[in-house]
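Q: Residues per chain, in single letters:
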Amino acid sequence: MTAQIEILIIGVIVAVACTIPGVFLVLRKMAMMTDAITHTILLGIIGVFLLVHDLNSPLLIVGAALVGLLTVYLVELVTKTKLVSEDSAIGIVFPLLFSIAIILISRYAGKVHIDTDSVLLGEIAFAPFNRMKIFGVDIGAKAMYSMGVILIINLALVIIFFKELKLSVFDSKLAAVLGFSPILIEYGLMASVSVTVVGAFEAVGSILVIAFMIGPPITAYMLTDNLKLMIGLSAGIGAINAILGFFIANAYDVSIAGSMALMTGISFIIVFIFAPRRGLFTVIRRRKNQKIDFAKKSMLFHIMNHENTDRENIENAVDNIYKHLNWSEEFINRIIKNLIQEKRIVVLDNIYKLTDEGREYTIRSYEEIVESFSEESQKMAR
Amino acid sequence: MKKLAVLLISLVLVISFVGCTEKKEDNGKIKVVATTTMLADMVRVIGGDHVEVDGLMGPGIDPHLYKASAGDVSAMQDADIVVFNGLHLEGKMGEIFENLEGNDKSVVVITKGIEEKDLITDESSEGHDPHIWFDVLQWKKSSINLYNELIEFAPEHKDDFKKNYDNYMDELDELDSYVKAQVEKVNEDSRILITAHDAFAYFGKAYGFEVRGLQGISTSSEAGTSDVKSLADYIVEHKIKAIFIESSVPAKNIEALKEAVLAQGFNVEIGGELYSDSLGTKGTDAETYLGTVRANIDTIVNALK
Amino acid sequence: MNLIELFINDYTLRIVALGSALLGMVSGVVGSFAVLKKQGLLGDAVSHAALPGIAIMFILLQTKSTEMFMLGALIAGLLATGLIVAIEKNTHIKTDSAMALVLSVFFGFGLVLLTYIQKIPNANQAGLDKFIFGQASTLLRKDIYTIMIIGAVLLFVIVLFWKEFKLVTFDSDYADSLGISSKKVSLLISSMIVISIIIGLQTVGVILMSAMLVAPGVAARQWTDKLSVMVVLAGIFGAISGVVGTVISSSIQKMPTGPSIVIIISLIVIGSIIFSPNRGLLLRAIRERNYRKNINEDNVLINLYELAMNHKDPFHSHQIGAIKPIKTAGGKNTKYLENVLLKLQEKGFVKRDYFDEWAMTQEGIVYVEKHPMRKEMQYDSTN
Amino acid sequence: MTKSNNYVVEVEDMTVAYNVKPVLWDIDLKVPKGVLMAIVGPNGAGKSTMLKAMLDLIKPISGSVLFNGQSYYKQRKRIGFVPQRGSVDWDFPTTVLDVVLMGRYGHVGWIKRTTAKDKSYAMDALKKVSMEDFAKRQISQLSGGQQQRVFIARALVQDADIYFMDEPFQGVDAKTERAVIEILKELRTLGKTVLVVHHDLQTVKEYFDYVTLLNTQLIASGPVEEVFTEENLRKAYRSTGKILKG
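Protein chains in written order, with our numbering: chain A, 1 to 382; chain V, 1001 to 1305; chain X, 2001 to 2383; chain Z, 3001 to 3246.
In case anyone wonders, no lab produced these hints; they're calculated from the structure.
Predicted, not measured: the structure shown is a model, and the values here were computed from it.
C-beta atoms are modelled at their ideal positions from N, C-alpha and C, and glycine is treated no differently.
There could be a bad hint or two in this list.
Said to hold, decoys possible - Covered by chain X, per the in silico footprint, the following chain Z stretches (three or more residues, Cβ under 8 angstroms):
1. 3029–3039
2. 3048–3061
3. 3088–3101
Here chain A stands alone, though its shape is the one from the complex (with noise of 0.2 angstroms):
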């Protein structure tokens, strides 16, 4: 296997262990929080660092990973007293253990070359080269293993606990009443997200483990509602930004890890620009159409409601329905004409009438616009 096909295989699995616990993160407003735990896993380093007085600890690891959890139970610790907002406890929270990580370095290890770049490998490029090795058999590379294995408990923990998590991120209270406790959820969620950072973290590196963590679920949110379609969609989009991003790097000889998260970013802007009901492009040509079609509907709904009434002759009667309608009087040309072409209504004695056809897509679109909003208004209360 060459170190290409390595690089690939580590970086689609990342992308794919990093957007599991990921999509929950966006779900629960917490994004930030990965941003926060790059930074604070410094102090982690540090202090193990000081304590076993070896750089190629691996405890140096388990520190980040400890203080990735610290930096989670505090931020809630100061959210919780409901006089801080979540946003600005991530803020005050992570200074100020990254400036107490800053400071232990420049008092006790100012002749050490320590940081959080040096002791995480955070380079994939480099990745291939970081052997495994079992009884002195090469098996390949080791970032395959340690984030194959982050991956595997990671989609153990959403199938087994899919139902709970699901629940905590629609209604945590629902939750609580159900006997599902929030905070061990919560831990446990924060914990994968803590080992997934660390990990990833000596895979690709800084912060863009954030944008393997954030950028596929919120592309995956963009096309979908349905949260186990979003989990593969988000994993789907995870490994073609990775293979693609590796694919430009290569092409322009730049980093990897960087090219994969502005594939992340690309990816992103496609969907955002092209998605089939949320897109941007769909948004704009959808209202140019809706006008008419919509326009198609009321005057269907019209006609229907005064269909056989007492009124039928006057709001119906081919002279006078644009008074009842209050649109130009060439909109209504127009429409009309369209509608007669579908065969929706027909001209009877000077009076609009509807067809079978017309009557039962009038009832059908009412129907579904129905549902439509009250769907809508079930979205909303969620």
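With chain A fixed as given, assemble chains V, X and Z onto it according to the hints.
A: Then chains V, X and Z, alone, in the frame of chain A:
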């Protein structure tokens, strides 16, 4: 969804083709990857025509802040020999390189074999200062690591390597005496080197300079007001003529120091820019290790004498 | 006395303390709006997003120039902020996610550019990604002038548009209905936040700036309920932490200035959260204890009855938040109240319904109507 | 077409959609001067959306809104607005008086400060809602009903002719509800027009003289006794296509 994927992929393919670079051919030379510019230079000198050197870090790149590009992967993969500094200069990267030994690659840790007593150690954390290259004799001693590896890897070129190596040794001796001679021009009391970050400790130890830096080695460390103040006091007290900026550290730190000194009614010059973590760029005198050390000592001596 | 001497003798202390104080003041004031608009994390986001701006400037100019780099950083920062707002406005994606995406993608792009620059021969790009990031201890006289001038402009704009800033931050829909465009005003506020962040990056560095944007505002919020006082207090807290942090840094060897300022402002925040009157945790705890002492099953029951009678229906149910058995403002402890209600439910006097609301039972009504306290307790429903 | 003079608000052919979903469908609404009108309909019927679209806070897909025959921008100073109480952060550091003063901002204009006169307007408005004792209070210390009164007072100082109120009775105590409705009735006697998004069907007849029934489409609009019929209500609150046939 499918449309999107097709669109994305075609977009990237187009981009990739536009930017495609040609692959280097195999020309039978020994492929060596070196991390820093100093090491690349050493390999070039000793290996001569038999090696093809790929320096991961270009000129002017701070090893602490180096970011790999996609091309570095193939360089690493194709490499026969990997040369790096060690003592955690390359961070985690070094650790990985060390483990490459035996995977059809040879690995040279240039600082290997330097005795503990010659290393500069941080008392509180027991870590070592990796900026070994400013002590010319240590550098000379270290080169043996590369030389041994080269002759082991390609015994057929042993004679050429030996010639190059011996030449290099002579040049380094000459350089050492040049530095020492230059240092003599500076008053013994004035042999004080003040820079932005602590990269010159080995230089100081070897050539009798008192070395002071504003900030620790780690890029994460930060200076305090008292550090600026005490360093300023020190400059005034010892009537130091000049302080130096470094190629890879923002000049602001030294400017602040100068201002602090000026406020005490003493004027300290900014003596020029020193090369700290990398050699100079192509086309300058400091393109090679020899040139860089010369340039540094000239700058220092000119400013301080 | 000693301190004054210290200031007179120590130029660095003077400059750094002055610079940090000024910057603390400006970012405290501007940051108050960031806190209220929940844009507190913009500091860190902009500092990362600035990288491609710097890199592009370098590619264009091929030389290191602090001023041009700051311009590049500013443009990239504004662009990033604009994108964050655009994503938030046009999709259902929340600010935090938009921020995380934009900051990491921008940074990734910056990294791509950096590795591209590494390939340019003869380009001395060393330390490019740290180049514009200053340290508090190395503040220069000219930095102070920069902070003063830009700070004065920012403060002037805030005073000028005070009314609009307040209204838009509080109630943007209403502002629009009055013809005060919340879009324009928000854009102005965000731009000012970004400008102060960029100035801060160059003079004191990322972390200190991130903290200075949020912490003074948060601390000040605890002490006052007036926006004007909050903004002024935030400025004062920012300035105090700047001075105190610098003094500490200058009296202890190897004590980095920026981080020690961060620690001071964090202590101020913690102190404010615990000790401030009205909102503070300490007073809240004391009040809660008093509340528990005064609250009992009877007055909860009577209150629930009175509430229900407001609807002319003794069985009318209420949310727990509506139940206020004693009149002390703010002294509310829902959990405790819930326990009392649960006890009442065991006795069969009240009932929790499907919607999690509480209502009287027949027994409860009988109990209350016979209760001697009821006649005396006139419940004031406005409270 | 009808002459504008008779109506203070005229909505024509207004359609509003979020994404694919139409929220309001081809609304035609005319509001005569001096009425107290309730806008009722089931949840998600688009009541608040209609209010916001009329005030140009949401862009409709089609349709126009005229106030006294003129565009919203020309008539803005004559229009008062009470947003939903839940739409703002009540922990915002400001006092009751400050919030009420905000109602004067439209009159004061950009940059300029509010004057003592504005303040006395604000105090008068607070008196009207019996909140004068709370002028210096922080807004987070208010109960739901008190918050609502503050919002009403803020709209009162706008000194408008047409008032739009979004759910002013949502979650308030009975006393506030009575106080608010007294104020609304007083506004009506002063010849002002008030449109209120309302959700309590039981009180419509008691509080309002005009009513608009809404369920995505306009079901009916007019004097309460004419429009507030069981048949119309059934139309509005039943959500199947059958209602088309009445």
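Q: Now look at each hint and say whether the structure bears it out.
A: Checked hints:
no. : hint      : result
1   : 3029–3039 : violated (count 0)
2   : 3048–3061 : holds (count 4)
3   : 3088–3101 : holds (count 8)
Checked against the numbered hints listed earlier, the structure breaks hint 1 alone; every other hint is satisfied.
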